[in-house]
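From first to last, the protein sequence lines are chains A and B.
Here the numbering used here is used: position 121 in the first sequence is 121, and no number is missing along the way.
Here the numbering used here is used: position 286 in the second sequence is 621, and no number is missing along the way.
Keep in mind the hints are simulated off the structure, nothing from the lab.
Beta carbons are placed, not taken as given, at the ideal position from N, Cα and C, and that holds for glycine.
Everything hinted at is true.
The calculated lysine-lysine pairs, modelled on DSSO-like cross-linking and capped at a C-alpha distance of 30 angstroms, are: (1) A/Lys55 with B/Lys442; (2) A/Lys296 with A/Lys250; (3) B/Lys442 with A/Lys44; (4) B/Lys505 with A/Lys55; (5) A/Lys107 with A/Lys141.
Distance windows between CB atoms, simulated: (6) B/Gln565 with A/Asn202: 21 to 29 angstroms; (7) B/Asp556 with A/Lys296: 43 to 51 angstroms; (8) A/Asn331 with B/Glu452: 54 to 62 angstroms; (9) A/Val100 with B/Lys505: 40 to 48 angstroms.
Computed footprint of chain B on chain A; a stretch qualifies when at least three of its residues, placed anywhere within it, have a C-beta under 8 angstroms from a C-beta of chain B: (10) 18-31; (11) 44-58; (12) 316-324.
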Amino acid sequence: MSADDTTAEFVLYAERPEWFDVVPISQYENIQPLAPIFYSPEYKDATDYFRGIVKTGEKSPRVLELTETIIRLNPAHYSAWQYRYEVLIAISAPLELELVLTNKLTKSSPKTYQVWHHRRLLLTALRDPAPELMFNEEVLKADAKNYHTWSHRQWLLAHFDQAELWDGELPFVERLLADDVRNNSAWHHRFFVSFERGSKDNRDEAVRRELAFTKEKIALAPNNASAWNYLRGILDHTRMSYSTQTAFAKQYIVDKIEPWDNDVLDLENPPPSSGAELPCAAAIEFMADVHETSGKECIPRAVELWRSLADTHDTVRKRYWEYRIRGAVANSSKT
Amino acid sequence: MPLPLGNKSDVDFGVGVSDDSDLGAGAGVGAGVGVGVDIGDHPSSPLPLLNSSGHVAHCGRCLDGLPSSLVEMDASRMAIAFYCLGTLDVTNYAERKISSTDRESWKEWIWDQYVGERGGFRPGPFMGSGDSAELLSETEATTTSTAPPHLIMTYCALLALATLRDDYAKLDRAALARMVGACQDADGGFATMPGGGDADLRMTYCAFVVCALLDDWSCIDLAHALKYIQRCRTYEGGYGQTPQGESLGGPTYCALAALHLVPPDHPYAPAARLQPAERHATVRWLVYMQAEATGGFSGRTNKLADACYGFWCGAALAILGAGDFLDARALGRYLAQCQYKFGGISKAPGEHPDPYHTYLSIAAAAIVSPDPGWELQALDPIINATHERRDGQRRMYLLRR
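Work out the full structure: start from the sequences and follow the hints.
Structure representation (structure tokens):
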């Protein structure tokens with residue numbers, strides 16, 4: 001239970017005069033049930049009355065109180081949620097108030113499927129997505145990788161599809177990546193916003209922006225699978241060749257940072273930051289892919305890089321790198 | 336001792352809660368995570384023993400009863416039953432040691448949760464009597480809230496019954512097919528319940544398993560369902576739980592298993608095949624989920640390992656014919672470290688065990704065979720059942736056509 005509910009002494013429904021008219025129904029268990037739960041007296045009491053209510057089909061304000069009690073004891077009780085929503089609609093309860101309550105329940109049970117499903121039903125009915133984005137960011141502050149929170153945000157953006165909602169998303173993602181450059185949920189969201197929204201953005205412009213952003217983040221922290229996957233994602237999505245990034249990636253496969261060459265600083269291809277751990281396995285893999293697709297005569301160079309991953313830099317995937325070697329060699333001998 | 340199985344994982348085949356481990360922001364700018372770490376394993380040294388009897392005991396305790404602190408499992412008890420019975424099955428315990436009394440009464444409890452006229456199973460009796468006609472008949476016609484059958488729980492019940500070698504004599508095949516069809520949403524996905532509830536790839540997978548077992552694909556809109564799966568694919572190569580979601584181990588398993596359940600001679604089979612470039616990207620993403628440092632699998636990029644992803648990712652690789660690319664010994668070593676001293680397996684070393692992580696860890700080990708000393712039943716990665724369970728189930732269904 002959340003803190004604001006524990007002040008008053010909890011009175012069982014069986015002892016409340018205003019519930020005397022309801023016939024509680026006990027849960028029936030077989031003689032030898034599987035995984036029975038030793039319910040607390042409060043839960044048993046509330047669910048006995050809930051079963052009684054459902055039997056008669058009553059939809060009234062007091063049922064909102066009852067279902068709230070059950071949901072606070074067991075936020076995964078999907079029947080209580082579902083019946084509650086039917087009651088809200090049946091008695092035309094103000095859904096804005098329900099959203100306020102749901103905010104509290106979301107914060108106390110952010111990993112429960114039902115609480116997010118309920119939010120979605122409410123938002124669909126209320127049609128007011130802008131405050132919801134703010135609430136969503138608040139929930140992400142407590143857990144920046146909560147899968148449900150992100151799914152809800154993506155649903156909200158896609159469902160309402162309003163330009164003013166989309167507009168804040170890149171700055172939002174940048175705030176999160178500034179906190180944690182390895183937050184893959186934020187990277188994923190960035191891809192969704194940059195390439196998968198029904199946007200009218202200039203795509204070339206988006207590609208240029210995203211390549212620059214990603215390479216800058218890789219320079220800052222090279223051993224970051226999220227950023228390398230994102231770089232690959234951009235290239236795959238736009239069918240650009242990996243070899244367009246050779247000048248960038250090859251700086252990351254060396255053992256240590258090249259001596260500073262102050263004549264040329266290639267802003268499009270930022271070098272690893274000082275203190276970066278090199279060589280970067282993701283860059284080695286990237287360069288091997290470049291070589292593999294650059295023609296038969298480059299296969300030995302790809303093989304050499306995969307070999308270094310298998311033997312030294314990424315040994316847990318040894319069998320995978322050996323498979324890549326076999327595949328490339330077999331292909332090159334065929335043609 | 337409390338049984339702390341309220342442990343949560345990203346794609347929980349319960350209906351309740353989820354979680355996964357977080358690598359966090361603490362890794363620091365420039366800190367390497369890609370550099371080889373010596374975990375002190377030599378190919379010749381045996382792995383620690385798999386404490387099968389301890390895991391069976393853990394599951395037995397959970398089948399006997401759960402403390403009130405686990406009340407969130409109330410609406411997913413059938414899933415607990417499935418994990419526990421599955422553990423007994425894969426460890427060779429089910430056939431040899433379950434008494435016929437237990438077998439009969441457990442089957443009876445599962446069938447008590449069957450809502451025959453509505454085609455499927457409920458998670459448990461939490462919304463009333465096992466006999467639906469007795470309690471809820473008055474209002475069932477007017478409300479959807481009286482615990483209708485649940486798609487995930489139906490999958491769990493069918494597999495649990497197979498473990499108990501049930502003959503499915505009580506099953507109404509036509510009603511089951513109708514129920515699965517009624518769960519399909521307008522966007523091609525499947526909801527937890529006929530006509531409503533949340534929808535994601537877990538339910539798509541369960542629907543496909545039922546279609547495969549019934550050998551009846553006419554009850555769903557398959558073309559539409561395949562498009563839904565495709566919309567869950569991401570640039571990383573895995574699948575998100577819902578369209579546009581981040582690549583995640585559980586849904587990736589669900590998507591790949593579902594695609595591979597479509598019979599090769601079905602008219603839509605070509606649409607269910609991954610393109611070579613897609614397969615390549617998916618295999619790559621899956622092998623990257625194995626952590627260099629621990630040998631365990633994580634569920635998303637840059638997250639910490641969790642024992643359950645050994646199954647979701649390991650089985651997904653096996654489905655793609657790429658099961659050899661993971662480091663089975665490193666995974667086995669991680670799973671061994673997740674064993675709790677009094678039995679059961681937890682999501683990470685030092686945490687409390689639960690049936691979900693226990694079953695999925697053992698199922699993962701059954702698929703990847705990390706050590707010859709770990710004697711486990713072979714497992715079909717696609718329907719997540721021992722071959723005996725799977726064959727029995729298929730035989731029973733096909734016989735009843």
